[in-house]
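Visitor: Dock the two chains into a complex; use the hints.
Those protein sequence lines, which keep their order, are chains A and B. Following my numbering, the numbering of the first sequence begins with 1 at its first residue and continues without gaps. Following my numbering, the numbering of the second sequence begins with 1 at its first residue and continues without gaps.
These are computed hints drawn from the structure, not numbers from a lab. Honestly, I wouldn't trust all of these hints.
Covered stretches of chain B, going by a simulated chain A footprint (3 or more residues, C-beta under 8 angstroms) [said to hold, decoys possible]:
id: 1; region: 54-61
id: 2; region: 277-283
Computed spacing ranges between beta-carbons, pair by pair [stated by the list, open to error]:
id: 3; chain 1: A; residue 1: Leu250; chain 2: B; residue 2: Gly171; range: 49 to 55 angstroms
id: 4; chain 1: A; residue 1: Leu119; chain 2: B; residue 2: Ala116; range: 44 to 50 angstroms
id: 5; chain 1: A; residue 1: Gly93; chain 2: B; residue 2: Gly325; range: 53 to 59 angstroms
Note that beta-carbon positions come from the ideal geometry of N, C-alpha and C, so glycine has one too.
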Amino acid sequence: MSEVLEARIDAPQPDRLKAGGDGGNLLAIHLMGLLLTLVTLGIYRFWWRTNVRRYLWSSLSYKGDPFEYTGRGLELFVGFLIVLVLVVAPLMGVYFFGYYLLKSGDLLVGGTIMGGTYLVMFALFGAAIYRVMTYRLSRTKWRGIRAALGGSAFKYTGLYMLSLLLQVLTVGLATPFVTIMVYRYILNNVWFGSGRLTFDADWKPLFKYYIGPGILRLVALVIMGFAIYQINQASGQGDAAERAAVLQGLGTIGIGLLVLLMSAIAMYWYWAAVIRTIFAGMEFEGVRFAAPVTGGRYAKFMIVNFLLVVFTQYIAYPWVQLRILRFAASNIEIHGEPDFTKISQNTALQPRFGEGLGEAFL
Amino acid sequence: MSESYEATLYDGLSAAGRACVAAPTINALEIRFPDGDVISWPYATLALVSDEGDGNRVVLAPGRDADERLTATGPGVFRAMLAVVPSLGDQQPTRGYRMAALTAGAIVAVLALVWAGYPLIKDGLVAVFPAAWSNRIGAEMVNDEAMFDKPCTGAAGLAALDDLAERLSEGAGLRQPITVHVRAGDEVNAFAATGGHVVLLDGLIQQAATPDEVAGVLAHEIGHVKHRHPLKRLIDVAGIQLIVTGISGDVGAVGTMVLMLNYGRRDEAQADSAALELLDKAGIRANGLADFFDRMAEKQKDRINFTGFLRTHPPLADRSALMHGHKPPGATRPALTDQQWKDVRAVCQPVRE
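Just chain B, with the same shape it has in the complex (with noise of 0.2 angstroms):
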């Protein structure tokens, strides 16, 4: 016969506790007071309240939804309880040092995983990503008004830049034609979205000094299009916000932040190198992307620049070289003819006044 420890009820009704002796029987908790009353706790429905602690302690209590506790103490009892009533173990939620280890290899191994499967999903999602879907999202994030500013309507310049666009990407294998939106601003920048939705800004063109400096900036980013960055792009934001809103729980749009992440250093490089390729095939002379570099550049030389440190893009100087060096391999000519320009530079006026 097992022994009996020294323990309190409460009654779950009121706080006072009375005296007892809790002694395990076969299949039940007898609990016995002075007076002669006993009450018995069958096993099966036994559980388990308090830790192991110093294990001269236990607390149970007749169910998982009763208010009844006993608290029994004396040397041992946590694991004499426990070796009694077997399935009180199993209720214990602390599992040690040794459990800690053990979870925190498994939540290493989990991370490897994603990383090494996370580009395979990837191409996978690319894959099969519908046509309809990303042009769509495209067209969703270059209306984002909270982003850009006002659309710019020059039906004659955008009617020029579609041109170039489409001289740009023949043969270029892409799935969508490339859709040449312009927004008004000061901000010298482009940006390419899902389903050949390019965008550039005015300032881009205000700033460029021929033709050939934004059919060399609208070339890459066709090149971006081309390998398809930008819906990567996307599923790597969702990715990350799937992970943050699950581990913080709040819950955040992805939104159009999508288009301002920089890309990573590979990216930009096949981008630049797509720019070249197309600008060899549609006879223009890659050199207009090299001059837009080296303005870039020195107009960044006087500034401080918060998000420098942030950039990934290959440095301006080392892109600009490699436009230079290279090569046409056939005859070249102008990007634009010369009204084709004029309209190109006054896409933004009706909004600009």
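Isolated chain A (complex conformation) (with noise of 0.2 angstroms):
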């Protein structure tokens, strides 16, 4: 009995983070910039974002500290003008050239073309990913050391790329290594200030959390295929007979939906999973994390989430915000201390400007 108290006492209690933050003050920033971003245009909109971000960041605090958000608003919007400038623009004017080529006649030739800038507008799509992530971290700061995400967002759109086609040749399969590929890749570039982080995983014990909502998925797409064309099948067979067939049909749809959002809710405890297995797998400067969440509790933090948004038509969106790092702080335990004597200013990884490329695409 003693034996059993005193190995209690003795296992040290793990760290965790303090989520704080004031929903009525959070809306309030929301509120104002709505009406700055309705008054600007749309322009306001670059600082609206900064500002609910330098709440949320100053919200959360490890060992006493608060986080900090040191981005700018202009940041945002001359990354924002960059991208539209040299990325969109091209684009487009490449796109309308392949266009207009098939117009013409050449079609060989304006196909190639239309087809490779979809490609390429792809390949931006996961660049922009990590090019969001990469500003975000280098504008964190903690007791005045800042954050960082390495790597490259070339390398992340190959991997990006490269998921996208094995989930396609795998009907969806393959998301367990896929995710672990992914998160591999990103948080063993994270950094903060010179300490890394570094990360692994085995994505086999993922697998039989996905298995359930995968194959309910790939049900339901079955269900609705069959639908259509059962309502194809139909058409031309008299007015009375399609209309007939056309409201079995929807009839049918309407199951494959269901056995969707089953699907859709079945994947919280694969999510639920995920995050335990990544904060199992992370560990910074001899510091382990643990993130003992249950499929259970995450379903319904994010249900709850999602009512609250839909039934107070996003009036509770700032109290969801503050939910969220709430739940993160009750639910990460940080195991052990690093040496912060040894963990100084990291002086390289610096964008200079913003999320363009994810303003374009996210």
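Guide: See below:
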């Protein structure tokens, strides 16, 4: 008995993040952002987003010191303009050139150019995701020390395209493998000052969480495909028959949607397992992490968030944002403490402009 | 002299802190270390980093871009620091519920202003919109190959339709003459674009039993042109696009969806009554349009009309009744001669084959 008690006392308690923040304050920031965005025909959007992030970051603290978001609205705005001029406009030019060729009879060259621009857009979407993460981490500080995301958006784009391809080829079954592959790249490139995060995990234990919702989703797609086939079959058989077939088809599609919903809910158990796996697989300067969140609690958390947003027509959105912080704070365990004297400012890894590419695509 | 507070200084070079005491003086914050070292941060450049939170912590920096941080703790330290350094108060990002309510009120006021002022702005734009622009935009719309089938080129048929349009629009006070386009396709439909461009689909011509029906539909579209509905709709769509783009950041094109949108009830009623007037002036029986509506209503009966929910058109039966009840004021003659009607029906012949 006393042995057990002693063991419990000896086991160091995990550290946690602390989440604060006040929904009313955040609502005021959102409303002011909306107002000025309306008045400036959208340009204030970048400053709105910046103010919200500043509040959210500062609502989270570790060891009594708050995180900080040091991004500026102007950076986002300039990034957006740069991408508009240097990426979106040329891409649209090339696309319409291809369209022009296609229309004037050069099917092969025109079609290739148009297909090529679609491919480039896909790739840019991947790059945009990475750029956004890079920017946000570079504008995150704690105790005055900057975080950073190394790696290259180019390599990430390759991974992103590869994951899409794998998922398509395996009708989604590669998802657990792909999830871990992508996180392995991102997380191993996360820095806080001179300290680097490392991550490794095995994707195979995730598979059993994915297989159920994965199969449900396939079933839903088959059901809906069948319904559309039925409706098509009935066309041209007279108005009354067509009407009956359409009604029946709609019913079948409804069943398909229901199965799809079940699959989406079952996916929460998968994502909870992903969260557990990811936090268990991370290490930062001798510090280990854990996030023992169960599928049931995660599902409840996500569904409540969704209902709050839908039923209040977004008025509760600030509270949902803070709820997410609280959920993270109460579920993430930090085991151990890094030697802070060894973590110094990282002077490399500083993007200059905002999330431009992300602005255009996300 | 003010109080002093327990604090930790982070030097911006390392994540390890140094215990110290933060003591506000007249124009600088003094940071005193146990070993006797003193650092002084002038109030002029002092930056507030943290939010109020529970009020018992404040994080400061010596400048907006500096990496050094001072975390001071103690009961009420946040407010106390704000009291000593008033310029910090302006840096507070949060404004509370009162501000939320005021801002919400301002948003409602702005929306109400736009709502009320919009019709005036629109009328003003319509009044000054250059005719040449209307014409070019209209020509672009009706030539959009993504939306319409091939243009029909039967010269005799097109000439007959242009004659009919001229006869109908005589004395209507149009700014530009009507240009009639015919496009291949089975759909029974017609559109009016800006600049007097009107599109009839071949399906409509083939489904019409008499030239009077085509004349009725044409008169209805000219009615839209007379009231300048296409330009007004264009302005509506551009306005919506502006707002959507502004808020969401999506950069999409307005495109020719303008034509596909249904007009509102009031616009349709206006076009119908203008059509009656034009038909009367041209001496063409309004029954043609009525017959056409009847046949459309009959066709729709056995169909599940997915767009039906969204349609703002007045019910076809009501519109048909209005036309049937209408007595022409003078003598009438057919809309087209037999030969012209034959030409019009064959206007898409080369394309169809």
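Visitor: Each of the hints needs a verdict: does it hold here or not?
Guide: Here is what the structure says about each hint:
| no. | hint | result |
| --- | --- | --- |
| 1 | 54-61 | holds (count 4) |
| 2 | 277-283 | violated (count 0) |
| 3 | Leu250/A x Gly171/B: 49 to 55 angstroms | 51 angstroms, holds |
| 4 | Leu119/A x Ala116/B: 44 to 50 angstroms | 48 angstroms, holds |
| 5 | Gly93/A x Gly325/B: 53 to 59 angstroms | 57 angstroms, holds |
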